[in-house]
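Engineer: Starting from the known structure of chain V, arrange chain D on it as the hints suggest.
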Amino acid sequence: MTTTATRRNNPALNTKPNSAVAFIAAFFGNFIVQRFLLFLLTVWVAATVIFILPRLTGQDPVKEKLLLEAQRGGSVQAGMNEMAKEYSARLGLDLPIQEQYINYMTDLAQLDFGYSIAYFPRTVNEIILDSIVWSIGLMTVTLFLAFVLGTGAGALLGWSRSPGWLSYAFMPLLTLSAIPQYMLGLVLMFIFAIILNWLPFFGAYSPGNLPEWSLGFVLDVLRHAILPALAILFSAVGFWAIGMRGMMINTQGEDFMIQADAKGLNGTRIFVRYAIRNALLPQVTGLAISFGTLLTGAVLVEVLFQYPGLGNTLFYAIRVSDFFQITGIVMTIIISLAMATMVVDLVYPLIDPRVKYTQS
Amino acid sequence: MARAADTRNLTMSTRARLARRRWGVFYQERIEPIFLYSRRNPSLIVGLAMLGTLLLFTVIGLLGYSQLEPHTNDPSQNSRLDAYVSGGAPVGDKRMPPSWCTWCEDIVELEGDKKPTLFQYPMGTDTQSRDLFATNLRGIPLTLGTGLIAGLLSVGIGTVTAFVAAYYRGVPDVVIRLLTDVGISIPGLLILIIIRIQLGTELLWWQLGAGLAAVGWVFSSRTVRSQVLVLREQPYVEIARQSGMSGLAIIFREMMPNLIPYITASFVASVAGSILASIGLEALGLGDFSSPSLGMTVYWVIQFGAITLGMWWWWLFPLAFIVIIFVSLFLISAGLDEWSNPRLRRQV
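If you read the protein sequences in the order shown, they are chains V and D.
Residue numbers for the first sequence follow our numbering, so the first one is 1 and each next one is one higher.
Residue numbers for the second sequence follow our numbering, so the first one is 1 and each next one is one higher.
If you're looking for bench data, these hints aren't it; they were derived computationally from the structure.
Values in this document were obtained by computation on a predicted structure and should not be read as measured data.
Facing chain V, according to a computed beta carbon distance under 7 Å, are these residues of chain D, among others:
#	residue
1	Leu-189
2	Gln-198
3	Leu-276
4	Gly-280
5	Leu-284
6	Val-323
To list a few chain D residues with every Cβ distance to chain V over 12 Å, as calculated:
#	residue
7	Ile-45
8	Leu-54
9	Leu-148
10	Gly-170
11	Leu-248
12	Ser-290
Here are the in silico distance ranges between beta carbons for each label pair:
#	chain 1	residue 1	chain 2	residue 2	range
13	V	Ile-226	D	Val-164	47 to 57 Å
14	D	Val-174	V	Leu-56	18 to 28 Å
15	D	Arg-20	V	Val-343	53 to 63 Å
Where a beta carbon is used, it is the ideal one built from N, C-alpha and C, also for glycine.
Excised from the complex, chain V in its bound form (with noise of 0.2 Å):
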């Protein structure tokens, strides 16, 4: 079924090139070509504009972090100039714009983002690295949980079938999901750290702890993350549920549903094989949607619960007005948030065989 989708949908592989001028045609026509497309324009024109912003304002990040780090350290202001200039010549920000352009979109290419100023002999890749897996693990558990809860109380909710009690539970539901996640973080923080002393209330484990491969440090982490996760999980289970309940009772109008209805099949196999199946794929397409307010929402529970993951880094970068770790760490979530979507709208077709697309 796969490579059938494929074929059908991929006008490169049925025409027969006769001309060059044709296959560059169908090329451009392509579906996926135009996905990918997207996704480049999508991360040069994030990285222009990042790019382009310093320059227009005329500030001088080097400068600025050498003049703030002298207050702090009360030292004499004299060769701060030289100091600075040395800087941008080693960091190459005395290049004509459109060499520091042509570099700095080079480096990209590369992913490689320079070192960072606050902590100046690790790169800024390093650091983003240390704290990408937190972020991952955090986010990847959270998806996936509020992804199968939200669905399921979304298909519950939309069952006409469904005991009449539950269609009580949609209002929480609908309510928690439109609460900010930092929002509920601060609430489960006070009940659960504060009042109840039960979780730690900062931090990805212990301190004191040391990062190993034991039983006890994997409890301790996974300690650490429950209240940031819940966090997270409550309004992202509303999005999903509002989304599967709609989509649910579409799907109880479909005629397939009568004929289901009609051949005496049970109540179960009906909701599970005929109603859920056809009502989850859509729910996938929302996948695009929630990466990129799930990821920004995490940013700061992450700040709130001091999460050693992106979003708490990117907070300390901002701290330190550390720019090139700001935009290492901006440019990394912008990246994965863009491929992210790409890979949904790329793979959607494929399992849903109800959706193509052709050449317009």
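Structural biologist: Same frame as chain V, but now just chain D:
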């Protein structure tokens, strides 16, 4: 809708009569259904009522509190409203729980034997000894104002670009479509972080709103554009076009009435999104430090560790206001959604 075209050759008095009748028709077709609809689906009314109550509370609170004598003899304070977090003068009593809370005293030890009167600090004071009631009263309009400016601007830009794209087609359409496609996949908050850091100065509430609109208009543009594209294929638009109506007249007299539900829904969504992003930006420490907006209060709460200090009154009240704002906006937009998109209407 298409009715507008045939009034062209009629005399003035007939026109006036028709206009009156048109209002009657307009009422029957557009206004009355809202009432009927809201009876069936109360979420729109509930949301509006929640938001209205919050606004009423703020206005009455601001008016009332500005009449009260300041807590101290500090000449910089004209009324109690001037003792807000970050910017306002302190009132002298640090970490006071709300003074009506009789069971709170063992959470924070009071300095000396000061016994506040019953409504001296309705929402307590913070570690900088500032009146949190004044903070919240001043913060609610600031936060709502940021969202309002952002919402108005993004819907304005979004609608104009949508019409430009749909009207001219061709190159403008392709450019606008690409821009929105790209803009939607880039999280606006991140771009705003970069803008804010590059500007180096703190953004005032309306500047923040404008910044949020600069990254948020793509969502309105996309919603409105897709709807405009549907509408321009409608028979009555075609009739208007063939009877020689100008482009602008078609847009405002034929298409606008049908777009209003979508534009309103998109406005509410972008207000909510902008407030969410503004609070996020402020909580990250990129807000206006002299402003007492709700987001800045959240920032101070995190900075001073109000939660670990057990000062629940510091974060619970702004949290409650933020939740009221979001839930009411959500209910309003859910109500509008079902109104503009009948397929979503409750079937179960």
